[in-house]
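Student: Residues per chain are reported as follows:
2 protein chains.
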Amino acid sequence: MFSNVSPPDESAKQDALARQDRLTKPAGALGRLEELGVWVASCQGVCPPKPFTRPRVVVFAGDHGVAAHGVSAYPPEVTAQMVGNFLAGGAAVNVLAATAGATVRVVDMSVAADTSAEVSKSKVRSGSGSIDREDALTEDELTKALEAGKAIADEEVDAGADLLVAGDMGIGNTTPAAVLVAALTGAEPVAVVGRGTGIDDQTWMRKTAAIRDALRRARKVSADPKQLLRTAAGADIAAMAAFLAQAAIRKTPVILDGVVSGAAALVAEELAPGAKMWWVAGHRSTEPAHKLTLEQLNLEPILDMGMRLGEGSGAVTALPIVAMATRILAEMATFDDAGVSTA
Amino acid sequence: MFSNVSPPDESAKQDALARQDRLTKPAGALGRLEELGVWVASCQGVCPPKPFTRPRVVVFAGDHGVAAHGVSAYPPEVTAQMVGNFLAGGAAVNVLAATAGATVRVVDMSVAADTSAEVSKSKVRSGSGSIDREDALTEDELTKALEAGKAIADEEVDAGADLLVAGDMGIGNTTPAAVLVAALTGAEPVAVVGRGTGIDDQTWMRKTAAIRDALRRARKVSADPKQLLRTAAGADIAAMAAFLAQAAIRKTPVILDGVVSGAAALVAEELAPGAKMWWVAGHRSTEPAHKLTLEQLNLEPILDMGMRLGEGSGAVTALPIVAMATRILAEMATFDDAGVSTA
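As they're listed, the protein sequences go chains A and B. The working numbering applies: residue 1 is where the first sequence begins, and numbers increase by one. The working numbering applies: residue 1 is where the second sequence begins, and numbers increase by one.
Chain A on its own, in the form it takes in the complex (with noise of 0.2 Å):
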């Protein structure tokens, strides 16, 4: 289903070091701003790199089964709510994304409740499987998960997009993402357990009793990422990870976002190995599993804000960064051009 990963062009890569160098300055004065142009450089295959013209955010939409068995401090008809709040412009990430500069596009994958027409092409089911107990999605639910994510990258990258972030939304979703972070870190329920929206001490145990019996059917199947995928994600997450791995593929570089896109991301990268020369992490989530999350994807967080809303709001948020990286790489002017002296 999913094509070989391409690294970022090297000739760009070295193009672009050189040309840090030269840009008055101090060599590596500008820190991680210099790094990150250098990938930005290395992902677009030309230095100097274009600054963005169509950053794009798609919020993957679904509910869990899971969210029924009190995990959340939230009620499940929330996540259904909040698509018409993304849809009106009046969310987190909507109001973000316009500071930034980029557009927000929302895709109800397995809402349990009836959205419009618009975002609703591609569910696949009215939400998924209560994972402590049941298999998130059936086989062909997965296909056709998988095949939504990658469509969508795909109709992204065809459309201009030059940088996407996937953001989620789900009462109950980062039940699954601590199940498939444990699962693919190896760490134990109580290490990848997080206050999500800001659960009690009750929900806290309830939440980990359910991490723990979604874990013990989750390891059998860890190391075939789909089947884990079907087993312990939801429509939701499934098609995020085909859209993580599928963006890489279209050569189109990610700004990751917390631990449910984390969660996605660490799967992706075994959908699609290498995919993750493609990712930037925007930022560190206070939720535990997206710690192990980066350091398992050896990825440093641009920011660390004490973030935990999910929906690419984290993400995002270091997209200015981003973006002021590629420009500084593209229009700062040279020791030679400004006739400024060495050192």
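Keep in mind the hints are simulated off the structure, nothing from the lab. As the structure is a computational prediction, the values presented were derived from the model and not from experiment. Check before you lean on any hint, since a few could be wrong.
Any copy, or any two copies together, can satisfy a pair, since identical chains are not distinguished.
Derived SDA-like pairs (lysine to any residue); straight-line CA-CA distance at most 25 Å [stated by the list, open to error]:
#1 LYS291 <-> PRO301
#2 LYS121 <-> MET1
#3 LYS13 <-> GLY90
#4 LYS291 <-> ASP304
#5 LYS50 <-> THR103
#6 LYS123 <-> ALA191
#7 LYS13 <-> PRO51
Starting from the known structure of chain A, fit chain B onto it as the hints suggest.
Tutor: For chain B alone, kept in the frame of chain A given last:
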């Protein structure tokens, strides 16, 4: 010379805290973005806060006699060359500001060469004294520098600036910055000396010796912020300190930059106690004295990206995040607006 600093508005702060909890996200889920939005509302004295319309960077340029004694990787003529680069729009801060929606003004306070009339109206002298062996400024020059910094803040606020950044440009200027930090925190020379623009070990030893000698002179006057500036800073840093103090007096929020801006801020807090309530720290520089500065001011940096350029670059890199925090608080839908269920 400086009026009392009023604190940001407590009533707007309380309104902002209450509003954050009504927005369609779990309470606290946007972490630092929520805190920053509350801070902006309290600075503006209104909730919801208004998006910034005229963020303004003022780069204070000046040479330092100590640079002739081998403390920098770059020759002193680079200061004047970089003033030209700022005016031509080719420096890092120009590109960052253009991306972040800010504008840049450069002021020659004490460059050791002639600069264009548009930037040299406030010029106090040609290069400040070599602080390892003589005072940076005379009493008269100090007064002129402070009055210039204060007047520039007034001009910018009167012209509509709603957020200010003080940037620095001056070969050798991390030496006086380190001396000021050591004098006001009690640190030893080796704890504050950094690599600046990227100096080698020989230069590092000369710089440490210069800091040691200057600090011997500075400690005698460290209880008097004006005399400290006169003895151990320079016209550029003195003007910057006055600018930061006056910005607070004029109730205008400031994003601080790195070690030079931080050293000026430490002195400004002495000149106008409470000024720091009007500041956030844009980033943590790699300069060791900057870490001490942030601890002393009790400011947590927004970014930590290994930057060490100055010019206001770190502050401007953080500007989009402060802007996003402001718009989040102003523009997100509430649970009531969006018909979303609460926890």
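Student: Going through the earlier hints one by one, which of them does the structure break, listed in rising order?
Tutor: Hint 6 alone not satisfied by this model.
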